[in-house]
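Asks: The residues making up each chain are set out below.
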Amino acid sequence: MKLSVIVSLVLALLGSTAWAQVEGGRSGAHGSAIIMFVAFVMVTLGITYWAARRTRTAKDFYAAGGGITGFQNGLAIAGDYMSAASFLGIAGLVYLSGFDGLIYAIGFLVGWPIVLLLIAEPLRNLGRYTFADVASFRLRQRPIRILAASGSLVTVIFYLIAQMVGAGKLIEVLFGLPYEAAVFIVGILMTLYVTFGGMLATTWVQLIKAVLLLSGASLMAFLVLASFGFSFENMFAAATAVHKNGAAIMEPGTLVSDPISAISLGMALMFGTAGLPHILMRFFTVRDAIQARRSVFYATGFIGYFYILTFIIGFGAIVLLLRNPDYFTDGALIGGGNMAAIHLSHALGGDLLLGFISAVAFATILAVVSGLTLAGSSAISHDLYATLFLKGQHNEKKEIRASRIATVGLGIIAVLLGIVFENQNVAFMVGLAFCVAASANFPILLLSMYWRKLTTRGAVIGGSLGLATAVILVVIGPTVWVDAFGFEEAIFPYKYPAIFSVSIAFIGIWIFSLLDKSSSAQAEQQAFETQFVRSQTGIGIDKAVEH
Amino acid sequence: MTLLTVDELKHQPEYQALTRARARITWILSAAVILVYFALILLIAFTPESLGRPLGDGVTSIGIALGLGVILFCFVITGIYVYYANHVLEPLTRAVVQKVEHAS
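So the sequence lines, in the order shown, correspond to chains A and B. The numbering of the first sequence is my numbering, which starts it at 1 and goes up by one. The numbering of the second sequence is my numbering, which starts it at 1 and goes up by one.
The hints are simulated quantities; they were obtained by calculation from the structure and are not laboratory data. As the structure is a prediction and not an experimental result, all values here were calculated from the model. Every residue, glycine too, gets a C-beta built ideally from N, C-alpha and C. Take the hints with a grain of salt, since some may be wrong.
Simulated restraints, written as ranges between beta carbons of each label pair [stated by the list, open to error]:
{"id": "1", "chain 1": "A", "residue 1": "THR530", "chain 2": "B", "residue 2": "TRP27", "range": "14 to 24 Å"}
{"id": "2", "chain 1": "A", "residue 1": "ALA468", "chain 2": "B", "residue 2": "HIS102", "range": "47 to 57 Å"}
{"id": "3", "chain 1": "A", "residue 1": "TYR450", "chain 2": "B", "residue 2": "TYR83", "range": "22 to 32 Å"}
Using the sequences and the hints given, assemble the complete structure.
Replies: Written as C-alpha cells, this is what we have:
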C-alpha cells in the first residue's frame with residue numbers, strides 16, 4: 001500500500017503543477033488529457049499491484065505457478081520486449097525520415113528467430129537462466145561473472161537512457177513542465193518504485209501491459225488506415241506529398257547514409273537481442289520445451305505485428321501532424337520527433353486517446369525501467385560486489401544494502417544521462433544498448449555453447465575487448481563526442497560501432513582461446529562434451545549415470 | 001548396472017540422429033534468416049536508390065515491400081522451426097532419454 005500512496009502523491013503533485021500552469025495560461029498542457037492520464041496510470045498501476053501481490057515466491061515469479069500456456073507466455077515475452085521507447089522511437093524515426101524507421105523495426109524483430117534457433121533450447125536444456133550462468137557452466141565463475149555483470153550494466157544504462165528520454169519528453173509535453181524537471185520526476189518515481197519493494201515484472205504484469213500496448217497501437221493504426229480508405233498506397237502518396245523530403249522518404253536515406261553504418265546497425269540489432277540481460281529468462285516460465293517454442297513463435301508474431309503498427313503510426317503522423325500547426329512551436333514538433341506518436345493520438349482521438357496512449361506508454365516505461373534497474377542493481381550487488389568484495393562469501397544483508405545503493409546510483413545516472421541525451425531519438429539509443437549486448441555478451445554466449453575450444457582466458461579477454469571497443473567508439477563517435485560533449489567533429493565517424501566491436505570480440509576470443517595452453521583450459525575444453533550432450537537432450541547426464 | 005557415459009551416449013544412433021536433425025534444421029534456417037536480412041541490409045548500404053523505386057505505378061516503394069516481407073519471413077521461419085521441432089525433434093529427444101533410462 002505504501003507504494004500506491006507514494007505514486008498517487010507524486011501524480012497528484014504533477015496534476016496540480018499542470019493545473020497551475022494551465023490557469024497561468026501556459027500552452028502545452030492538456031487539461032482533460034491529464035485527468036485521463038492520471039486515471040489510466042492509476043488503473044494500470046492498480047492492476048500491476050494486484051498481479052504482483054499474487055506472486056509470492058520466486059517460482060511464482062518465473063513460472064507464474066506453472067499454468068502459463070505458450071500463447072500467454074508469448075504475450076509476456078512481447079511485453080518485456082516492446083518497450084514504449086521503441087514504440088515512440090520507431091514512430092518518431094518514420095515521422096522524421098520514413099523508410100529508415102522500418103530498418104529499426106525489422107532489426108528489432110530479426111533477432112528473435114536467431115534466439116529461437118541457436119540460443120533458447122540449449123539454454124533451457126542446460127537449466128541456466130542467464131548468459132553468465134551458461135558461460136560459467138564450464139568456464140571459471142569469478143572472471144566470467146565480473147565480465148558478464150559489466151556488459152549487462154552498460155547495456156542496462158544505455159537502455160535506461162532511452163526510457164528516461166521517452167518518459168521525460170512525455171511528461172514535458174503532457175504537463176508543460178520543463179524537460180529537466182520532467183526527467184527528475186521520472187527518476188524519483190522509478191527509484192521509489194524499485195526501492196520500496198518494487199513491483200516485479202511478473203509474467204502477468206507483462207501480459208497485461210502487452211495487451212494494453214497492442215490494443216492502443218492497433219486502435220491508432222486502424223484510425224490512421226481508416227482515414228486513407230485502408231489503402232497503404234493512399235497513405236504513402238499523402239505522406240510523400242506533405243513531407244519535406246518528398247518521395248525520398250520511401251527509400252533509405254538520412255539515418256544510414258553510408259555502408260559501414262548500415263551493416264553495423266544491422267549486426268547490432270540482429271545479434272543484440274540474444275545478449276540482452278532480461279529476455280532469456282522467459283523460456284523457463286512454461287512447462288516444457290514444446291510450450292517454450294510456441295511462446296517464441298507467438299512472441300515473434302506479436303512483436304512483428306506491433307512494429308508494423310508502429311510503422312503505420314509513423315506515416316500517419318507525417319500526414320496528420322504536418323498539416324496541423326497546433327503541434328508545432330517555431331516550426332519544430334513540440335517535444336521533438338520522439339513525441340510523434342503521442343501527438344498523433346491527440347490528432348486521431350482528442351484528449352481521451354491522448355490520455356490513454358500516454359498512460360499506457362508511461363506505465364510501460366515505468367515497468368521496463370524498474371525491470372532494467374533491478375537487472376542492473378543485481379548485476380552490481382550480486383555479481384560485482386559479492387564476487388569482488390565479499391570474495392564469494394554469501395552475506396545477504398550486505399548484498400541487499402549494496403543493491404539499494406546501486407538502485408539510487410542508477411537512478412541518478414539515468415537522470416543525468418537522460419538530460420544529456422535529451423534530443424536523441426530513443427529507438428537509436430535502444431540500438432546502442434543492442435550494440436553493447438551484441439559486442440560483449442553475444443559472442444561469449446554463442447561460442448560457449450557451440451565452440452569446444454573456448455577457454456576462460458579467451459572469453460574474458462575477447463569479451464572485454466568487445467565491450468571496451470563498443471563503449472570507446474560510442475563515446476568518441478558523433479552521438480556522444482559531438483551531440484553530448486559539443487565538440488565540432490567526431491574522432492570516430494560512425495554512429496554505430498558494431499561491425500568493429502563484434503568482430504574484435506570474436507577474433508579476440510578465438511585467438512586467446514587457441515593460445516591458451518594452460519591445464520585449466522584443457523579441462524574446460526574437455527567439459528564441452530558433457531555440456532553439449534546436455535544442451536542437446538536436456539538430460540542431466542551426471543544424474544543418469546548415478547542411477 | 002550398466003552406466004551410460006557421455007562418450008557412450010555420443011555413439012548411440014538415437015543421439016546421433018537427434019543432433020544431426022537439430023543441427024541441420026537450425027543451421028539451414030539461421031542461414032536463411034541471416035542471408036535474407038543481410039541481403040536487405042547490403043541493398044540499404046550500397047544501393048539505397050534501387051529500394052526507392054516504386055512498385056508498380058504508385059509511390060509504394062520496393063524497399064517498403066521488401067522490409068515488410070522480411071518481417072513476415074521471420075515469422076514464417078519461426079513457425080517452420082516450431083512445427084519441425086515439436087513434430088520431429090521432440091520424438092527423437094524422447095528416444096534418447098528412453099535409451100539413457102533403459103541403460104541405467
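Asks: If a hint holds in the structure, say so; if it doesn't, say that too.
Replies: Evaluation of the provided hints:
no.: 1; hint: A:THR530 x B:TRP27: 14 to 24 Å; verdict: holds, 22 Å
no.: 2; hint: A:ALA468 x B:HIS102: 47 to 57 Å; verdict: holds, 51 Å
no.: 3; hint: A:TYR450 x B:TYR83: 22 to 32 Å; verdict: holds, 24 Å
Of the numbered hints stated above, none is contradicted by the structure.
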